[in-house]
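Asks: Produce the complete structure using the sequences and hints provided.
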Amino acid sequence: MVEEEKKEKVAKPKKMADPAAVSIDPATQEMLAQAQKLGIDTIFDRAVTMRPCNIGMQGTCCKMCAMGPCRLPLPKAGIEGEDTRKGLCGATANTVAARNFARMVAAGTAAHSDHGRAVAEVFLSVARKETDDYTIKSPERLLQIAPYFGVATTVEVDGEQLDRDFDEIALEVAEKAVAEWGKPEGELCYLKRAPEPLYERWKKLGELPRNIDREVVEIMHRTTMGVDQDYKNIVKQCTRCSLSDGWGGSMMATDFQDVMFGAPSPLHSEANLGIMKEDHVNIIVHGHEPVLSEMIVAAAQSREMLDYAASKGAKGIQLGGICCTGNEMLQRHGVPPAGTFLQQELVIITGACDAMVVDVQCVFQNLANVAKCFHTKLITTHPIAKMEQDNVIHIEFDEHHAMEDAKRIVTMAIDNFENRGAEVMIPKHKAVQIAGFGVESIKYHLGGTFRGSYYTLNDNIINGRVRGVAGVVGCNNARTRHNEAHITVVKELIKNDVLVLTTGCNGIACAMHGLLTPETAQVFCGPGLAEVCETVGIPPVLHLGSCVDNSRILLAATEVVKAGGLGKDIRDLPAAGSAPEWMSEKAIAIGQYFVASGVYTVFGYHMPLEGAPVLKDYLYKELENIYGGMWDCEPDPIKHAQKMIAHIDKKRKELGIDKARERVLMDMADRQALEA
Amino acid sequence: MSKLVAFAAIQGGYNVVSEVEGDLRNVLAAYNADTKVAFPNTGYYLPVIYSLTGHKVETLEDLQKPMEFARGLLPPHIKRVNHLPYLGPLLDAGMAAIIAYEIKEGIRAVTDPDFYYPHEDPDLDAGKIWVGPADDIILRKRGIEFVDGTAPGFAAIVGAAPSPEIAKAIVEDYQLKNLYIFCAASHNGTSVIDQLIEAGVTIGWGTRIVPFGPDISSAVFALGFANRVPLIFQNITPGDYKKVLLYNKDRIFAFINALGDVGTHWACAAAGCVNWGFPTLADTDIPEILPTGICTYEHVVANVPHDEICQKSVEVRGLKVHVSEIDIPCAFGPAFEGERVRGKDLYAQCGGGKSPCTELTKMAEMGDIDDGKIEIIGPDITDLKEGDTFPLGVFVQIAGREFQEDFEPIIERQIHHLVNYIQGVMHIGQRDIAWYRISKSAVEKGFTLRDIGVVLHAKFHQDFGKILDKVQVTLYTKKKDVDAMTKGAKADYKKRDERVEKMTDEGEEIYYSCTLCQSFAPNHVCTVSPERTGLCGAYNWMDCKASFEINPTGPNQPVEKGECLDPVLGQWKGVNDFVYKASRGNVTHYNFYSMLVDPMTTCGCCECIAALLPSCNGVMTVSREFFDDTPCGMKFTTLAGVMGGGQSSPGFVGHSKFNITQGKFIKGDGGLLRMVWMPKSLKEEIKERIIRRGKELGVPDLYDKIADETVGTTEEEILPFLEKVGHPALEMDPIIG
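Read top to bottom, the protein sequences are chains G and R.
This note's numbering puts the first sequence at residues 1 to 676.
This note's numbering puts the second sequence at residues 1 to 737.
No wet-lab data here; the hints were simulated from the structure.
The beta-carbon is built from N, C-alpha and C at its ideal position, and this holds for glycine as well.
EDC-like, lysine to aspartate or glutamate: derived pairs with alpha carbons at most 16 Å apart:
hint: 1; chain 1: R; residue 1: LYS128; chain 2: R; residue 2: GLU198
hint: 2; chain 1: G; residue 1: LYS639; chain 2: G; residue 2: GLU492
hint: 3; chain 1: G; residue 1: LYS183; chain 2: G; residue 2: GLU172
hint: 4; chain 1: R; residue 1: LYS362; chain 2: R; residue 2: ASP497
hint: 5; chain 1: R; residue 1: LYS56; chain 2: R; residue 2: GLU68
hint: 6; chain 1: R; residue 1: LYS249; chain 2: G; residue 2: ASP667
hint: 7; chain 1: G; residue 1: LYS562; chain 2: G; residue 2: GLU196
hint: 8; chain 1: R; residue 1: LYS249; chain 2: G; residue 2: ASP670
hint: 9; chain 1: R; residue 1: LYS440; chain 2: R; residue 2: ASP388
hint: 10; chain 1: G; residue 1: LYS129; chain 2: G; residue 2: GLU175
hint: 11; chain 1: R; residue 1: LYS320; chain 2: G; residue 2: ASP670
hint: 12; chain 1: R; residue 1: LYS573; chain 2: R; residue 2: GLU509
hint: 13; chain 1: R; residue 1: LYS320; chain 2: G; residue 2: ASP667
hint: 14; chain 1: R; residue 1: LYS502; chain 2: R; residue 2: GLU696
hint: 15; chain 1: R; residue 1: LYS320; chain 2: G; residue 2: GLU662
hint: 16; chain 1: G; residue 1: LYS86; chain 2: G; residue 2: ASP230
hint: 17; chain 1: R; residue 1: LYS128; chain 2: R; residue 2: ASP114
hint: 18; chain 1: R; residue 1: LYS705; chain 2: R; residue 2: GLU688
hint: 19; chain 1: R; residue 1: LYS480; chain 2: R; residue 2: ASP432
hint: 20; chain 1: R; residue 1: LYS79; chain 2: G; residue 2: GLU519
hint: 21; chain 1: R; residue 1: LYS3; chain 2: G; residue 2: GLU519
Quick list of simulated restraints, FRET-style, between CB atoms:
hint: 22; chain 1: R; residue 1: ASP383; chain 2: G; residue 2: LEU674; range: 49 to 59 Å
hint: 23; chain 1: R; residue 1: GLY54; chain 2: G; residue 2: GLY564; range: 23 to 33 Å
hint: 24; chain 1: R; residue 1: GLY372; chain 2: G; residue 2: PRO527; range: 51 to 61 Å
hint: 25; chain 1: G; residue 1: LYS653; chain 2: R; residue 2: ASP370; range: 53 to 63 Å
hint: 26; chain 1: G; residue 1: LEU674; chain 2: R; residue 2: HIS589; range: 18 to 28 Å
hint: 27; chain 1: R; residue 1: GLU501; chain 2: G; residue 2: LEU674; range: 31 to 41 Å
hint: 28; chain 1: G; residue 1: PRO527; chain 2: R; residue 2: THR284; range: 19 to 29 Å
hint: 29; chain 1: G; residue 1: VAL155; chain 2: R; residue 2: GLU501; range: 57 to 67 Å
hint: 30; chain 1: G; residue 1: GLU196; chain 2: R; residue 2: GLY54; range: 24 to 34 Å
Examples of chain G residues toward chain R, derived with CB under 10 Å:
hint: 31; residue: GLN433
hint: 32; residue: GLY447
hint: 33; residue: PRO518
hint: 34; residue: GLU534
Replies: If you want it as structure tokens, here you go:
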């Protein structure tokens, strides 16, 4: 009794999140209030009650061996003179923070690349004709990438070049591709897709990745107790590992997804919790690999399933996505995302989620606790991603029986429709978006079938209508106000005529806040960018897909370089990268490969480097001398965007395009001087 | 607002494609599918379709594929709000319309074969106003003007101006800027061409005002003209649409003026032209597209006032034109060169067999003449009455520290076109067979003979300022003065001719390069020696020499021929080194005197093409005016298509007409005695010279032994003739061996 009283006393002052203070999105605010009313705790509340570890924040907690954890916080007053901090083994703050940083790169690379491997393996089954459920939807895309794997697309017959047998090409590409994770010698095939000076720089620095798994393994080895104890050397391996993600695992994930599921092209959709429908069976797919979601989309659209849903009294089946699975379904099928990373619990709290299907990455374990409060079936599907809670159902998804598994899941959701409680509350908020951009579709839209070329963009960068290009990507972070930094950074950029390419949860955030419509350009953009958007008919923010699709940004940048007029390397471009609300280790891997590809990359919130100022300086300043790109961190979103703009202006100046372009009138002599 | 343009262009694309699909269905129902479809005398089929897709349309059936292609290009319609991107779709819709328009014109060639009057100039008296698509002869002839800069580009005008006066003002402005004016389509029942005829303007290729056709579909002929240029001059493979279109964007300075309301049928055509980098400027309030990218500058500019449209168009296209300001009462420029002075317009004339008329240019000592002095000795125009004939002697004296006697004929040759540039004055011939016709309109404007002097003085200074300091012009109009001048002139002409004819390749250490055509054929470089004049016929060794003196960094550079590597085939080390560099590494070497072994390359503007005829053991040559089949199995256009664009093509060589009778003509392969076939017209044109050269080679009746099309147009047909007349080629060593 006394104990119970005591508990109540403690529970009473339990702090809860203020909905208006933790998100700028009205749907999120409403659902958070609803959750609090129902007494269901969410990540927003937990962020209020639990503070992050101060020493971990600084990046200087070493738990690589059982003699530690050794904690090397930076004294509040800073360090005058020699930095004498060291762990039991003598590891300096730089070594500790660099090791922690490197392990984040390794984990991020592993996540993207394991995703890529899964996709490549499914493609191998397709090429071997071991599955009927998956096919090659974009043969052009396969022919486009085959040469990078050294696979011939034509054969010589009697002195004539003829098209090679397509199945043969597919099989050879698939076999070459899966070898990228573990081939015994050589270098990754895709590195040569980078502009030549960039490739040559990596080569000269000895940073060409050999195979993907090896670079991850090597980080784990080098950062274990008593191995690499030179932060610069550790950062070198960070580059090599991250390149095997951006120009390796992620890029292959994107490519083979395009080959099997179709290359995205612009389409119309919506975003936010309001896409869920009270009278429909709502199935929310969350995670990252479209191998699962593609089948769920196909199953949910099948006549059989629709009829079955109708028989259960539902008007239809509404699919929705969370995180990058949401983006994958959006880009290829126009399935609307129901929300960002931070909204995953809220989807269930609507009371209208009949099934939530998850695979890998960014999935809260707390989903199971929330699902327990509702009728929602929470289904895990991946052998490497299960949950301990007993209400979680595991249906293992296997490419050889993909459609069968998908139908089983959809059927389960439909059967569950009638189990909904009375407490359904779907916020009315949703926004229209135009998504589905990709490297090829952007090229098409910059000039059509005949003149499609990134030069159209370059020309408008050169003439100053477009100041530059920014890639704004990444997660949400419960330590910052949901979507605020995303939207503020993006709006500040487009206001200053910077065209934004987005992926991941930034893409969903921009969609939710209406930035992905062509009409937005006239409202939020500077006059130059607005005019270009109007000419092409595009939104000022182009959604390029999921987080593995950051590889599309690398290739778009490469296309811009190739189109001419803006230097010879990605580092020359008036461009910058940003992850305003990052939280995942994957973001660190992405940041590192962007930096190593020559992009100035600014993260929001905080970086775990504050405890090691020398390392921080190395990453923020010295890397520019090596790669042309470097890290930075700026939590204030306006300053964050302004730093990117300043870098863009610096690059414009270096290119000599910082002044208004004169109209050059050509006479005959000028024309004779034209190069062939 | 590009969105509105996109709506209109995409709508227009659907309308045009659907209409033409209907036309095609009807014509296929009424005619056999294998009915021939062709534009007159072209080796490029329907040229837009052929250049962009590589598809050869030869029959009605062949129109199906491009029709399907056009349909396939049509994008989804654009939604009013939250639309998908439309720039690519709108350009595709425009291209679909343009392809459909060309199909429509292809159908017209079958169903209404006499609709167009396929000549350089219309026949107004017969009511034949519209000349239709340019054939390959016109294209090559006019193409050189685009190459050498005489014509910097073209304005495609669709519709009609508010009045004939405005139409005339706009068109004359373009003429003054030396542009071609391609006209099509009508507005409110009239067209710019109708308006110009009403205003008394001479139309036709000669005055650069080309009446293509009365419909918007006829505007496609302008694109067909433009698209053949890269095929001819840069050897771009048909179907390589990216290169064809970028070539147009970078090198063909064309644009569209839309005069009148822009409906969907025009909008889609304008959108289509953006693919070429050709912008549209309109006099009406249409949505604008100002950002750059596909075109060099703006894409669509609206509400342009009529008195600014020329200047604005040229600026939007990024074109610099040099207008010569000459102080005479008449307009002046190359566009007036082809203008006729017909009987009813004639005020007075001289020469032409009616009175003596002679032109002579002589070098003078600096102290002996006054610059700018123009003297008329005898009566002037104002002293004549309408219909009079008068004698004329035009005597030009030039002095200058850099001037040489050798330059006299070069300067003198300019008189013909310079006088022709005067609006209302026509000039024919040269030397002592010149002929001047002066129109009433010129006299009304205040033209006097003095103005001829003004033009020559001003233009000689402008164009040849580097080599001359003083120009004095004397115009004799009394018969006895003219007769006296003519007598002296004849002696000068004879001396000059002998001097040029005596020059040999062996006698000169310096040859001249000619890269004039590199604006269009970037890999081609001509080398001109005394005995191998430029293949275009426009530049001989002396011209190149003068050109170099005038412009030391220009397209004609001296080439030290250096060590002779092969005296028979004509190859020099110095020339090879130069050619390698100037062709940007594309050509390592070539021979001057052989068509069989690494012959000289051609840009595409050669006057003639010689080809091997193996069974006759000889060669043939064909000039570009001859458009029928030849014994080598190809027409001129096909031959030119095979070898243009800076390629060395053994078995073929491009050359000038004059070169045929020069001493070194294919000397390495046996020389002129190998010549077994020529078109009759060419043979007759150079008859005297063939006879003379034949005598030199010991075959005085060579002229009669060369077969022509009246003998046959296949090797089988001409061989018996050659055997009968005992053509020397048959006795020569095997040509292939």
